[in-house]
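Dock chain B against chain A, hints included.
Going down the list, the protein sequences come from chains A and B.
Residues 243 to 541 in this note's numbering are what the first sequence spells out, letter by letter.
Residues 292 to 581 in this note's numbering are what the second sequence spells out, letter by letter.
A portion of the hints provided could be inaccurate.
[Stated by the list, open to error] Lysine-lysine pairs mimicking DSS-like chemistry, simulated, CA-CA at most 27 Å apart:
id, chain 1, residue 1, chain 2, residue 2
1, B, K475, B, K454
2, A, K285, A, K454
3, A, K422, B, K454
4, A, K454, A, K499
5, B, K475, B, K494
6, A, K422, B, K475
By construction, these hints were calculated from the structure, which means they are not laboratory data.
This one's a predicted model, so the numbers in the text were calculated from it and none came from an experiment.
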Amino acid sequence: MRMRDWLDADDERQARGESRLVGYPFGFMDEGAKREVRRSILKAIAIPGYQVPYGSREMPISRGWGTGGIQVTLALILPEDVLKVIDQGCDGSVNAVNIKKFVQAVADVQITTDTTSATVIQTRHRIPEEPMTAGQILVLQVPYPEALREVEPSEAETRRMHAEADYGRMWLFLYEDIVKYGEISISYRYPVTVNGRYIMDPSPVPRWDVPKLHMAETLFLFGAGREKRIYAIPPHTRVEPLEFEDHLFRVENFSGKACSRCGASDTFMDEIIDDETGERLYCCSDSGYCDKRHGKCSL
Amino acid sequence: MQPLIRVRGLSKRFGAGCTLCLSSTGPDRESNVCPHCGSVVACNDVSFDLYRNEALGIVGESGSGKSTLVRLLHFEWDASDGSVELHRSAAVPALEDLFADDADYSHNLPGLSPFRKRQVRNSLMGIVYQNPFLGLRMQVSAGGNIAERLLGAGWRNIRGMRKRSAELLERTEIPVERMDEPPKNFSGGMQQRVQIAKALSNKPLILFLDEVTTGLDLSVQARVLDLIRSIRSEFSLSLLVVSHDLGVINLLCQRTMVMKYGRVVEAGLTDQILQDPQHRYTQLLVASQL
Numbered sequence: 243m244r245m246r247d248w249l250d251a252d253d254e255r256q257a258r259g260e261s262r263l264v265g266y267p268f269g270f271m272d273e274g275a276k277r278e279v280r281r282s283i284l285k286a287i288a289i290p291g292y293q294v295p296y297g298s299r300e301m302p303i304s305r306g307w308g309t310g311g312i313q314v315t316l317a318l319i320l321p322e323d324v325l326k327v328i329d330q331g332c333d334g335s336v337n338a339v340n341i342k343k344f345v346q347a348v349a350d351v352q353i354t355t356d357t358t359s360a361t362v363i364q365t366r367h368r369i370p371e372e373p374m375t376a377g378q379i380l381v382l383q384v385p386y387p388e389a390l391r392e393v394e395p396s397e398a399e400t401r402r403m404h405a406e407a408d409y410g411r412m413w414l415f416l417y418e419d420i421v422k423y424g425e426i427s428i429s430y431r432y433p434v435t436v437n438g439r440y441i442m443d444p445s446p447v448p449r450w451d452v453p454k455l456h457m458a459e460t461l462f463l464f465g466a467g468r469e470k471r472i473y474a475i476p477p478h479t480r481v482e483p484l485e486f487e488d489h490l491f492r493v494e495n496f497s498g499k500a501c502s503r504c505g506a507s508d509t510f511m512d513e514i515i516d517d518e519t520g521e522r523l524y525c526c527s528d529s530g531y532c533d534k535r536h537g538k539c540s541l
Numbered sequence: 292m293q294p295l296i297r298v299r300g301l302s303k304r305f306g307a308g309c310t311l312c313l314s315s316t317g318p319d320r321e322s323n324v325c326p327h328c329g330s331v332v333a334c335n336d337v338s339f340d341l342y343r344n345e346a347l348g349i350v351g352e353s354g355s356g357k358s359t360l361v362r363l364l365h366f367e368w369d370a371s372d373g374s375v376e377l378h379r380s381a382a383v384p385a386l387e388d389l390f391a392d393d394a395d396y397s398h399n400l401p402g403l404s405p406f407r408k409r410q411v412r413n414s415l416m417g418i419v420y421q422n423p424f425l426g427l428r429m430q431v432s433a434g435g436n437i438a439e440r441l442l443g444a445g446w447r448n449i450r451g452m453r454k455r456s457a458e459l460l461e462r463t464e465i466p467v468e469r470m471d472e473p474p475k476n477f478s479g480g481m482q483q484r485v486q487i488a489k490a491l492s493n494k495p496l497i498l499f500l501d502e503v504t505t506g507l508d509l510s511v512q513a514r515v516l517d518l519i520r521s522i523r524s525e526f527s528l529s530l531l532v533v534s535h536d537l538g539v540i541n542l543l544c545q546r547t548m549v550m551k552y553g554r555v556v557e558a559g560l561t562d563q564i565l566q567d568p569q570h571r572y573t574q575l576l577v578a579s580q581l
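Excised from the complex, chain A in its bound form:
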């Protein structure tokens, strides 16, 4: 449904007292706020990997619970969109369900758990297993947008470092890791270089998901509500994890393991220990994909 048609239909619903949106504009945020977020998104897309400050608004959930992602989603969403929300791969966790309900209430969009049929996917800490296409947008919730925070506590200083591409200290951090442990010890939030310029935090996705950002078909938008930053990876952009010539980036190794539910052996898996038998089970972290392979759909 086009926005204009939807608004006309909603006027009629309001007149009949049936609208769920009384007192709020479409998409909860006022038009001025949405426009500001969209402008920040455009700037972020124009400078891949650069953190654009924006005026993060109050949302009806606490900061730090996905408010950055929600604002990006609400600024983009249209009545014809199909939304999927996942939390660490799972469509059914509390955070995902509440965000879904909220967006549905304020924008009346269709909800799905199927990655391929969604147009907008909001996610916390995972990228779906199924390859995404050019028509889709992935919105990632970001707790700490500053990839250099580990090595430099001052915001003024990290901004200067980004401006001058002064990344020696970040590399030194990795060097010391290798000297001490023989391996880079970062398991998630693995820093990447975007388009050969900015070092960027890919949000706390596992290493497994980092290669999916490279030369992708899809637009990736990152929203940090508490830290008031938006950044983006446009389609077909180089995204390279920081690595050394003699210590290459590796993803998690699940060789010899398969999902106990759908049998997949090529997905990122959660380890589950059975309380009674003590048995170790593995299970796909992407629940939508697992359901699909398993032959049932929960929605």
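For chain B alone, kept in the frame of chain A given last:
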């Protein structure tokens, strides 16, 4: 032979400044604080040439502007006025565009963007501070300290960087097996030698030495000075040696500038200055120290 670096009229003033600042400060007025506006003229109208493989000494009492001068040349502070130009022969490929067509000297370096200044510094300069805490990361391993400069210059091979660090540590007489120890575990003299190794890591053309031996005991001083002398000829470095100690200057430098209250009061061959000082302050300095 043309000088490697040409410095003309380099000045640094802290504070608002007024038209009377320059006439009311300096060695004649025995102050570098302007009585009219309270600005500090840390260094004013310093001009000199630094040639390849030459050691130039800067001597003066504390507050004379010696360290300010080094900080300006190392781009840590922005100069209020003046120019620093680099000879074309020093250019590395990354810096080729600093030079206008056919010009022997580069654009004015302090006028470059911070990003370009960093490139110039990373590819041409090294610095050793009096206080090793300024030049080293005390929590990071000695090898890591050296690697930091290499990483900044684009090295991405751990084995290669460790090899280079080991070479430099060996050259500066630090046991290589202590490479992965943080410098906070080292003695003062060793820390100073790690600083020197770090400064040499990117094969600089110019090395700034800011009171490197101050605070070290005499035998350690002698070893550090010996090391500096031998690396100068080995790497054909240009040194800018800042010290209040005429002995150090005498040992290392062919030419010397004497500074007081932010101005150069006398400059010339080191021997000449020590044997036959012209300026009243230099005479006092030589008489009191030698």
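Hints, verified against the model:
1. Pair hint B:K475 plus B:K454 holds up; C-alpha atoms about 22 Å apart against a cutoff of 27 Å.
2. About 23 Å separates the Cα atoms of A:K285 and A:K454, which keeps this hinted pair within 27 Å; it holds.
3. Of the pairs offered as hints, the one joining A:K422 and B:K454 holds, with about 17 Å between alpha carbons and a cut-off of 27 Å not exceeded.
4. With a C-alpha separation of about 21 Å, the suggested pair A:K454 and A:K499 falls inside the 27 Å cut-off, and the hint holds.
5. At most 27 Å may separate the alpha-carbon atoms for a hinted pair to count; B:K475 and B:K494 meet this at roughly 25 Å.
6. Only pairs whose Cα atoms come within 27 Å are accepted, and A:K422 paired with B:K475 is accepted, the gap being roughly 17 Å.
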